[in-house]
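Please construct the entire structure, taking both the sequences and the accompanying hints into account.
Note that the protein sequences, when read in sequence, are chains A and F.
Under my numbering, think of the first position of the first sequence as 1, with each following residue one higher.
Under my numbering, think of the first position of the second sequence as 1, with each following residue one higher.
These are calculated hints, taken from the structure and not from any lab test.
This structure is a prediction, so every number in the text was calculated from the model and none was measured.
Warning: the hint list may mix true and false statements.
As the list claims (entries may be wrong) - In silico DMTMM-like links for lysine to aspartate or glutamate, alpha-carbon gap of 25 Å or less:
id	chain 1	residue 1	chain 2	residue 2
1	F	K287	F	E249
2	A	K71	F	D354
3	F	K59	A	E70
4	A	K91	A	D127
5	F	K323	F	E302
6	F	K59	A	D139
7	F	K59	A	E19
8	F	K59	A	D98
9	A	K48	F	D219
10	A	K148	F	E62
11	F	K59	A	D154
12	F	K59	A	E15
13	F	K180	F	D219
14	F	K94	F	D294
15	A	K48	F	D236
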Amino acid sequence: MATIPNEELLKRIGEKFGEQVTLVGEPYGLLTVETGRGQIIDLLTFLKTDAALRFIFLTDITAIHYPEQEKQIGVIYHLHSLTTNTRIRIKVFLVDGDVHIPTATVLWEGANWMERETYDFFGVIFDGHPDLRRILNVDDMTAFPMRKEFPLEDPNRVDKKDYFFGR
Amino acid sequence: MQNHPVYTDNDPQNELSTLNLGPTHPATHGVFQNVLQLDGERIVSGVSTIGYIHRAFEKIAEHRPFYQITPLTDRLNYCSSPINNMGWHMTVEKLLGITTPKRVDYLRVIVMELARISDHIVCNGVLGVDTGAFTGFLYMMEFREAIYEIYDEVCGSRLTTNIGRIGGFERNFNTIAFAKLRKFLVDFPKTLKEFESLFNRNRIFVDRTKDVAAVTAEDALSYSWTGPLLRAAGVDYDVRAMNPYSSYEDFDFEVPVGTNGDVYSRFLVRNEEMWQSLRIIEQALVKLEKEPSDIFHADVPEFYLPPKEEVYNNMEALIYHFKIVMGEIPTPNTEVYHSVEGANGELGFYLVNDGGRSPYRLHFRRPSFINYQMYAPMSRGMLLSDAIINMSSLNVIAGELDA
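As structure tokens, then:
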């Protein structure tokens, strides 16, 4: 089957969800939409199960942090329809302090570790996740290191001071 | 996976034994830890612990200009670094709207297919070792060395290659590189054939691998598997064929597909992929003859560092050199997802740019990370020795797993 044009895909989503899903853009041809956390599972389910769309493949789940925005944390899903070779990107923005979003593990087993990684680095809490623990960082870490306020290096370390290098 | 019964040591019902497989067990070929509950030799349940060599590449990448991120990608799947390097370069090129000349595309295809072969050599060789056949591994390793020597001629390094630049290659391929490549194309098929005749119908090997860790296509898709593992389960998803990059659409090759997703299928799929890679390289060499032999990078002075002798003698080159190094060239404020077919599956780069010199956010979709999460659930009910073979055939690379 041929690739679904972005306009048609957007129309299909619009028919079902109306104003609840908004268009963000089409950077490099990849349709990007935004929705709220209340609709995200419905939207993912619709995309996965609709007979014409069949976005059965979850490519990736990740997050992004915009400290200056009101809704700071964005959770980003990449789906791929293997039969039509169409991709879509879905964004959900969350207010810091209330970073709860329903888990996608109900639809894809593979979402498990992707969500754990997102939790580990951004602190996004996926409600209903079977095993939401840190995955790459140590368990007793308190910060969420991919947030922008987290420094790349420990600001208190002294071994890189200029005077050690004769500067 | 988490619901295994918890027995205390004093519990008279506790007949299970706990085994820490890893993190440095020699049979796991990397830093992998699995805490297994064993009933005799059978695995009742397991929990994977990962992250032992996590190096925060995504965080570091937010502080580095684009061209300095290439060495980070080397250290993802270090058995096939060039694919990571090229995938990253192509992501940046897509972001910046750079089109590369055909010759660059073909040279890249050659290097990427060599990398795929070297990765599969290690995986299938080690699978032989784990089933008790050391010979095949030794035969094949010789050719990984031959591939590393070709990298050496092209870029000067072997394992973590940092090969190529944004826009093409840092220098043209020399005649020795082509000579070594042609020698490889003559010698390797003989050994690969020999390797296949050692294993494909070997009774011991087939008994150890057939129907072990069989995965259905539905499970493989649900776990977002990609690459040879998904294809062994019967789904013909190959990024090279579906979303061609670097002029893969010009090449005639087949996507091998397995039937029942067991260890044996994965072995056969990888072997066949090596044959297809050889086919692609041979076609690329023919196509290269029709391209002008002095082109090895795109004409993008704003992003491709000029040769040093020009920097010292030519005003424009000096200006561009300064602008590139100081990061004073504006980049588009947008986001891009680009994926390539890595040796283990779809290697994706999700790059969010804010117009600065380094990414606002860079996320690697690492196939090893995603493929490995089925390991513990699928090991349930398996014999311990089968679980070891299963791990080899997943070809999980610690660097890519932990990023």
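Going down the list of hints, with the structure as the test:
Taking the CA atoms of K287 of chain F and E249 of chain F, the gap is near 13 Å; set against the 25 Å cutoff, the hint holds. The straight-line distance between the Cα atoms of K71 of chain A and D354 of chain F is roughly 18 Å, inside the 25 Å bound, and the hint therefore holds. A distance of roughly 23 Å separates the Cα atoms of K59 of chain F and E70 of chain A; the hinted pair therefore holds under the 25 Å criterion. Distance check on the hinted pair: K91 of chain A and D127 of chain A sit about 17 Å apart at the alpha-carbon level, within 25 Å; holds.
For a cut-off of 25 Å, the pair hint linking K323 of chain F to E302 of chain F stands: about 8 Å separates their Cα positions. Of the supplied pair hints, the one linking K59 of chain F and D139 of chain A holds, its CA atoms being roughly 19 Å apart against a limit of 25 Å. About 35 Å separates the Cα atoms of K59 of chain F and E19 of chain A, which puts this hinted pair outside 25 Å; it is violated. Pair hint K59 of chain F plus D98 of chain A holds up; C-alpha atoms about 23 Å apart against a cutoff of 25 Å.
The straight-line distance between the Cα atoms of K48 of chain A and D219 of chain F is roughly 15 Å, inside the 25 Å bound, and the hint therefore holds. At roughly 10 Å between alpha-carbon atoms, K148 of chain A and E62 of chain F fall within 25 Å of each other, so this suggested pair holds. For the given pair, K59 of chain F sits about 13 Å from D154 of chain A by alpha-carbon distance, which is consistent with the 25 Å threshold. For the hint linking K59 of chain F to E15 of chain A, the alpha-carbon distance of about 39 Å lies beyond 25 Å, and the restraint is violated.
A hinted pair counts as satisfied when its Cα atoms are at most 25 Å apart, and K180 of chain F with D219 of chain F does not qualify at roughly 42 Å. As the CA atoms of K94 of chain F and D294 of chain F are separated by approximately 24 Å, the hinted pair is consistent with the 25 Å bound. In summary, the hint linking K48 of chain A to D236 of chain F is supported, as the alpha carbons are separated by about 19 Å, within the 25 Å threshold.
Figure legend: structure checked against the earlier numbered hints; hints not met, in rising order: 7, 12 and 13.
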